[in-house]
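Asker: Order-wise, the sequence lines are chains P and E. Per this note's numbering, the first sequence starts with residue 108, numbered consecutively. Per this note's numbering, the second sequence starts with residue 3, numbered consecutively.
Please note: incorrect hints may appear among the correct ones.
To be verified - Not everything, but these chain P residues come out facing chain E in the computed CB check (under 8 Å):
1. E150
2. I170
3. A171
4. R174
5. G236
6. S238
None of these hints come from the bench; they were simulated from the model. No experiment lies behind these values; they were computed from the predicted model shown. Ideal placement from N, C-alpha and C gives every residue a C-beta, glycine not left out.
Below are the chains, spelled out letter by letter.
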Amino acid sequence: MANEIKFILNGQEQVYDGNLAARLLDVLREKFNLTGTKSGCKEGECGACSVIIDGKLMNSCLIAMGRVDGSTILTIEGYSETERFLALSDAYESVSAVQCGFCTPGMILASESILSSNPHPSEEEVRIGISGNLCRCTGYNSIVKAIGIAAEKGSGLW
Amino acid sequence: MVNCVTAHSLEEALVLRKNHELIPYVGGTDLMIHADEKSKYLFLHKVPEMKQIVEDDDYIRFGASCTFTEIIEHSLSPKILKDACSQIGAPTIRNVGSIGGNIGNGSPKADSALICMVTDSKLRLANSAGERIIPIKDFYLGHKKLDLLPDELIVEILMPKNGLDNYYHKKVGARNALAISRVSFAGIMDIKENKVKNCATAYGAVSDVIIRVNSIDNMLIGKTIEEAKELKDAYLKAFDQAIVPIKGRVGIEYRKDVCMNLLRDFLEINGI
Ligand SMILES: Cc1cc2nc3c(=O)[nH]c(=O)nc-3n(C[C@H](O)[C@H](O)[C@H](O)COP(=O)(O)OP(=O)(O)OC[C@H]3O[C@@H](n4cnc5c(N)ncnc54)[C@H](O)[C@@H]3O)c2cc1C
Ligand code: FES
Ligand code: FES
Chain P
108 MANEIKFILN GQEQVYDGNL AARLLDVLRE KFNLTGTKSG CKEGECGACS
158 VIIDGKLMNS CLIAMGRVDG STILTIEGYS ETERFLALSD AYESVSAVQC
208 GFCTPGMILA SESILSSNPH PSEEEVRIGI SGNLCRCTGY NSIVKAIGIA
258 AEKGSGLW
Chain E
3 MVNCVTAHSL EEALVLRKNH ELIPYVGGTD LMIHADEKSK YLFLHKVPEM
53 KQIVEDDDYI RFGASCTFTE IIEHSLSPKI LKDACSQIGA PTIRNVGSIG
103 GNIGNGSPKA DSALICMVTD SKLRLANSAG ERIIPIKDFY LGHKKLDLLP
153 DELIVEILMP KNGLDNYYHK KVGARNALAI SRVSFAGIMD IKENKVKNCA
203 TAYGAVSDVI IRVNSIDNML IGKTIEEAKE LKDAYLKAFD QAIVPIKGRV
253 GIEYRKDVCM NLLRDFLEIN GI
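Whenever a hint applies, use it, and build me the whole structure from the sequences.
Answerer: Below is the structure:
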C-alpha cells in the first residue's frame, strides 16, 4: 500500500506523499499556493472551489487526495494561460459579470466546462451548467450573457 | 503514513475490504461533507467491474461506481433513471457522485435509489468468499441500517429492462436543483390492452427508508381500468395508512399530503 500518488496539475506532473484523506481544496491552496481556487462552504453547495479534473467540473472541497491519483487537474491559474480564458475574461468584463469576484474563478471554469462540451449552448443549458456555482452579487444574468458572448466571439476556440 | 488505498480490480477491492478497516469511497460527495483527515478510504472509482454499464437478457446492469453523468449519457440507461439523475445536485455533483454511493448512504432522500426501488431492481453484493443478489428493498433494514456485511461491497445494480416506459417522477423541494429532495415520488404504470400489467410506486424522503409496498400496488395489477377505478379508494386508503412520515424540517402532515397528492395525480394521468 504505497502512499505516494502522482497527478498532472496545470500541465506539470506532481508527486504527493501527504495525507490521502485531505481535501484537494486545502492541498491546492496550502501546499501548491493555488489560492485562485476559493474556499466557500466546503459542502459542495457554492462551487467557489470548482476545478476541472479529467475534463469534468468538480468541487475540490469534496475530493479526497487519493481520488486524484493519475488524474489531470486544471485550476484557474493553469486555465488563465489559455486563449479560451482570454475570450471568457473579455466577455465577463464587457458586461460587468464580475463584482466582488469570489465566485469568478469557479464560474469561469464552469463556463469552460459548458463550452467545451457544447460550443453553442442555449440560455437554459448555460443556466444548468452554472447551477452549482453560486453568486451573491450579480444575479446571474450578466454571467449568462457573458458566456453567450464568449461562445459567439470566441467561435472556433471551443 | 498509509491511510487510503485505490483498488484496481474487484478482487483487489474485496481483499482490501476484508483485511483492513476501510471506508468504501467513490465520489465522496456524501463522505467529504464531514471530512476527517484520519479516515481510511478504499477508493473504488477505478474498479473496472464497477464502472461498466451492460445489459443481459433481463437487466441493465449498472456498476456501483458509475457517476450520474455517466448514467445520463449512456444509451442503455432507462429514461426514468436518466430523468431522476438529471435532477440530482448540480453538474459538479453529478460528475462525481455515484449510484452505488447513493444507495450505500442509506438515505431515504436518495434520488437514484428511489428509481431502483420503484423498478424493483436488484443489488449484486460481493465479498471475497462469493456474491449474492438481493432485491434492493431487502437491502434497507431501517434508518441508515443496511443489509451489508462489513466485508461486502455493492458491485452492481440490476435494473429490469422492460416495462419502464410509462413512468411518473416528481421531486418536490424548496429549491429546484440543489436541494436534496424533501419529498419525491416515482410511479410506473404498465397498461396493455386496457389491463394493468404492472403498477409500482415509491416514496422518498418521507420516512426512515424509501417506501415501497408491493402488496398494495398489487391490488391494481391484473385489473382492467374500470376495475382499478372501483378499487381506487381502497388503494389510496391503504397507502394513506402505510405512509408514516418522520418528523422533518417541513411538517409531517405536509410531507404526507404531498405524497398522497402525487399518488392521486399519477393514477389520474393513467385514467384511473
Ligand atoms: C451539494 C450536494 C447536493 C446533493 N444533491 C443530491 C440530490 O439532489 N439527490 C441525491 O440523491 N443526493 C444528493 N446529494 C448526495 C450525494 O451526492 C449522493 O448521495 C451521491 O450519490 C453519493 O455518491 P458518492 O459516490 O459521492 O458517495 P460517497 O460519498 O463516496 O459514499 C457514500 C456512502 O456510500 C458508501 N459506499 C459507496 N460505494 C459503496 C459500495 N460500492 N459498496 C458499499 N458502500 C458504498 C460509502 O462508504 C458512504 O457511506 C448531494 C450532495 C451534495 C454535496
Ligand atoms: S467550497 Fe466547495 S462547493 Fe463551496
Ligand atoms: S461576483 Fe460576488 S459572488 Fe459572484
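Asker: Each hint should be assessed against the structure and marked as holding or not.
Answerer: Hints, verified against the model:
1. E150: OK, holds: E150/P within 8 Å of chain E, min 6 Å.
2. I170: holds (6 Å)
3. A171: holds (6 Å)
4. R174: holds (6 Å)
5. G236: Where the cut-off is 8 Å and the nearest Cβ of chain E is about 6 Å from G236/P, the hint holds.
6. S238: holds (5 Å)
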